[in-house]
Amino acid sequence: KNEVEQSPQNLTAQEGEFITINCSYSVGISALHWLQQHPGGGIVSLFMLSSGKKKHGRLIATINIQEKHSSLHITASHPRDSAVYICAVHNTDKLIFGTGTRLQVFP
Amino acid sequence: KAGVTQTPRYLIKTRGQQVTLSCSPISGHRSVSWYQQTPGQGLQFLFEYFSETQRNKGNFPGRFSGRQFSNSRSEMNVSTLELGDSALYLCASSLYQANTEAFFGQGTRLTVV
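Those sequence lines, one after another, are chains H and R.
All residue numbers for the first sequence refer to the working numbering, where the first residue is 14 and numbers rise by one.
All residue numbers for the second sequence refer to the working numbering, where the first residue is 1285 and numbers rise by one.
Where hints are given, some of them may not hold.
[As the list claims (entries may be wrong)] Far from chain R by the CB rule (all over 12 Å, computed), these chain H residues:
#, residue
1, P21
2, S64
3, R71
4, S84
5, D94
6, F119
[Stated by the list, open to error] Here are the in silico distance ranges between beta carbons for each label pair:
#, chain 1, residue 1, chain 2, residue 2, range
7, H, F31, R, Q1301, 23 to 29 Å
8, H, R115, R, N1343, 21 to 27 Å
9, R, N1355, H, K68, 24 to 30 Å
10, H, S58, R, N1343, 22 to 28 Å
11, R, T1322, H, S20, 20 to 26 Å
None of these hints come from the bench; they were simulated from the model.
Being a predicted model, the structure only gives us computed values, none of them experimental.
Here a beta-carbon is modelled for each residue, glycine too, at the ideal position from N, C-alpha and C.
So that you can see chain H by itself, here it is in the shape it has in the complex:
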């Protein structure tokens, strides 16, 4: 069993839909990242959080430390949101990554 599990693996949505991507982890962490990777490989850090909730534009990230679970929400999704979203946790000075969620948003 992977230490960081994401669901779903693939997600297709129509423009405007509300999207949720989930991340569960089984190790102790000091922080959790949500990352976005577009075709071509570059990774952008969307959020780093260790408790509660953060919001940036149409993106919202939440974490429940007791339940070892985090969610990434995208409101009013847009085709430019199409990318792979990766959850990663800080564990003893290294990042452990989930396998990613491939999101495609169609007009």
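Chain H is fixed; fit chain R onto it per the hints.
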């Protein structure tokens, strides 16, 4: 403020050769981490350097090595390349240690033929 710069962006090498990849972190960042991304294994941690010292190492063979210079620039080296080393190699820089916000480079795509 310039971002994390990785060079080269693309590289083709032959089995048995060695390769050196470079990562220049954001100015003022002292921690540099390296990751390998393959379709089969996803993103995996290689090693992390802080102030020229390797502080953590992932589960990779000794053919994978790295170093960090006094200006925080880092290099990773892979010797005796194997076909399975074909991957996207990403580095990330952080202000202090790895447990702070990480900024990623565009990666170096290595193809071993």
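Going through the numbered hints above, which ones does this structure break? Give me the numbers in ascending order.
7, 9
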